[in-house]
Amino acid sequence: MSRRVVITGQGAISALGQSAKATVSAMMEGVCAIAPLEFPNADRLSVGIGGQIKGYDPAAHFSRSELALFDPFTQFAVLSAREAVAQSGLDFDEALSLRSGVVLGSAGGGLQTQDENYRLVYEEGKNRVHPFVVPRLMMNAGSSQLSMIFGLRGACYTIATACASSNHAMGQAFHAIRGGSADVMLTGGSDSMLCFGGLKAWEGLRVMSSDGCRPFCATRNGMVQGEGAAVFVFEELEHARARGANILAEVAGFSMTADAGDIVVPNKDGAARAISGALADGGLSAAQVGYVNAHGTATAVNDRTEIAALRTALGPAAETVAVSSTKSMHGHIMGGTGAVELLPCIAAVKDGVLAPTVNYDTPDPECDLDIVTNQARDQRVEVAISNAFAFGGLNAVLALKRFS
Amino acid sequence: MSVSEKIREILAEQALLSPSDIAVDASLEDIGIDSMGVVEVIFAIEETFSIEVPFNANDPQASAFDVSSVGAITAAVNQLIAEQKATG
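Protein sequence lines correspond, in order, to chains Y and R. Mapping of the first sequence onto this note's numbering: position 373 corresponds to residue 412, and the numbering continues sequentially without gaps. Mapping of the second sequence onto this note's numbering: position 56 corresponds to residue 79, and the numbering continues sequentially without gaps.
Same shape as in the complex, but just chain Y:
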């Protein structure tokens, strides 16, 4: 019998709320946290909305010396990890610390630190920057800080696969525990790219909506950026049982594929193979899947490709599966999005409540599966899958199973 992996803690911060509990509660109320962006030079952007975390005071959570080292993407990862570890009740003693690690996803790393310091040297003509610019901006800053804070001395790394980063990261954590190289992993993802340079780069592609995120809706006209993080405690089942841990869900399957096609245009085959692969990896059938947390970016091409991929992968079972995209509420959190979107998957299998796709006004014949629209739905679900399909044609899908 191979080792099984369960989730024993969750933590998050997003525009919907500054904890996993607040984020999930707002999702189930169908709150849309997308609003006008507030940061210097936002008035020079052609797209002025996003899922920005507001009313957040870093000094309430971190010391002066920590703040000198923590870019916002690191702060979000640390806050999420504190919540997740506290919920898990784990105490990382000497033996456990050697069998525990961290793998996070991020697409932008310390992009705000880069943006601000480039501004200082180029725009303001300064010839000196703060000594910690490099340790703040590096992609692995978040993972390394978690390793240091909790004393986790096994494998620790960061994965950058754009919008699929978190799912790839959580898949690696799952494999590490299932394969026997670790007993506990902190995993998830974090991104904070809502600054002038970060958004200006996205404007160039002309795929963002300036009036809202409406996945699977006929009136959708693009994606909306968000920021935040989620971190989970993945733990080997017998380890969790032995200490009487509260188990939120089982991580049952994972698969990753590459389209080998286009750098930005998604591909049905690559997405479908990732979905089928995750089910096969977990020994699950399509009929067991009750909920899909879709990638659902609300671009014209992603959504119709994703629906077609679900039909290919799930066959007749696709016609009855419930699908939603919570990006409609928190925006696209890039390298952190798969992690934040695992929260509603856990809620689906654990509590039998499905988060909605809000802002939905007009059905699209090309997206005609059972979309959970505007209001949460009570529905018992055995298996939930979470899709992530990144620029670069990189697909990663996780399957969660109700633990009983």
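To be clear, the hints were calculated from the coordinates, so they are not data collected in a lab. Please note: incorrect hints may appear among the correct ones.
Stated by the list, open to error - Keeping only pairs whose Cα atoms sit at most 20 Å apart, straight-line, the calculated DMTMM-like set for lysine to aspartate or glutamate is: (1) Y:K239 with R:E63; (2) Y:K239 with R:E70; (3) R:K108 with R:E75; (4) R:K29 with R:E69; (5) Y:K307 with R:D57; (6) Y:K239 with R:E75; (7) Y:K93 with Y:D132; (8) Y:K239 with R:E69.
Claimed, not checked - Distance windows between CB atoms, simulated: (9) R:E75 with Y:R167: 31 to 41 Å; (10) Y:D301 with R:E32: 25 to 35 Å; (11) R:V47 with Y:G243: 22 to 32 Å; (12) Y:A257 with R:E28: 38 to 48 Å; (13) R:E70 with Y:P170: 30 to 40 Å; (14) R:P77 with Y:K60: 40 to 50 Å; (15) Y:A356 with R:E32: 47 to 57 Å; (16) R:A87 with Y:G87: 14 to 24 Å; (17) Y:Y157 with R:D89: 34 to 44 Å; (18) R:M24 with Y:P170: 43 to 53 Å; (19) Y:D250 with R:E70: 24 to 34 Å; (20) Y:E77 with R:E75: 20 to 30 Å; (21) R:E28 with Y:A356: 52 to 62 Å; (22) R:V47 with Y:Y157: 36 to 46 Å.
Computed from a prediction, not measured in an experiment: that's the story for all the values here. Note that the Cβ used here is the ideal one computed from N, Cα and C, for glycine as well.
Given chain Y, put chain R in place with the hints provided.
Showing chain R alone in chain Y's frame:
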């Protein structure tokens, strides 16, 4: 160089053709420019004429900027130049 000639030059460079091969009634698809190529063409037009072009790649038909043919693009650019000169 006229607006029309400059636009044909931009399109020719994107399509790897000679400007003389760009017919006024050709669509961008006809000359082999795909959806991401359109986004690059619009960027080049904005830079060349110092204008802002309203365009959302999710729904090119709904955009105020008509990209259905070379002639339509030229007309739309002329209109934007006039409008944006007027508003400063």
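Now the hints, each set against the structure:
Proximity of Y:K239 to R:E63 is assessed by CA-CA distance (about 15 Å); at most 20 Å being required, the pair is judged to hold. A distance of roughly 15 Å separates the Cα atoms of Y:K239 and R:E70; the hinted pair therefore holds under the 20 Å criterion. Pair hint R:K108 plus R:E75 holds up; C-alpha atoms about 11 Å apart against a cutoff of 20 Å. Under the criterion of a C-alpha separation no larger than 20 Å, the hint pairing R:K29 with R:E69 is consistent with the structure, at around 12 Å.
This hinted pair checks out: Y:K307 and R:D57 have alpha carbons roughly 19 Å apart, not beyond 20 Å. Taking the CA atoms of Y:K239 and R:E75, the gap is near 14 Å; set against the 20 Å cutoff, the hint holds. Between Y:K93 and Y:D132, the direct Cα distance comes to roughly 36 Å. Violation of the 20 Å bound is thereby established for this hinted pair. A hinted pair counts as satisfied when its Cα atoms are at most 20 Å apart, and Y:K239 with R:E69 qualifies at roughly 15 Å.
At roughly 37 Å, the beta carbons of R:E75 and Y:R167 sit within the given window of 31 to 41 Å. The hint said 25 to 35 Å for the Cβ distance between Y:D301 and R:E32, and at roughly 27 Å that hint holds. For the pair R:V47 and Y:G243, the supplied restraint of 22 to 32 Å holds, since their beta-carbon distance comes to about 28 Å. Roughly 40 Å separates the CB atoms of Y:A257 and R:E28, a value that falls within the hinted 38 to 48 Å.
Our hint of 30 to 40 Å for R:E70 and Y:P170 holds, since their Cβ atoms are close to 38 Å apart. Checked against the hint of 40 to 50 Å, the pair R:P77 and Y:K60 passes, with Cβ atoms roughly 42 Å apart. The hinted window of 47 to 57 Å between Y:A356 and R:E32 holds, with their beta carbons roughly 53 Å apart. At roughly 18 Å, the beta-carbon separation of R:A87 and Y:G87 lies within the given 14 to 24 Å, and the hint holds.
A hinted range of 34 to 44 Å holds for the C-beta pair Y:Y157 and R:D89, which are about 37 Å apart. Judged by the Cβ atoms, the range 43 to 53 Å given for R:M24 and Y:P170 holds: they are separated by roughly 52 Å. The hinted window of 24 to 34 Å between Y:D250 and R:E70 holds, with their beta carbons roughly 26 Å apart. Under the hint 20 to 30 Å, the C-beta atoms of Y:E77 and R:E75, about 23 Å apart, fit the expected range.
Taking 52 to 62 Å as the suggested C-beta distance range, the pair R:E28 and Y:A356 conforms, at roughly 57 Å. In this structure, R:V47 and Y:Y157 meet the distance hint of 36 to 46 Å, their C-beta atoms being roughly 43 Å apart.
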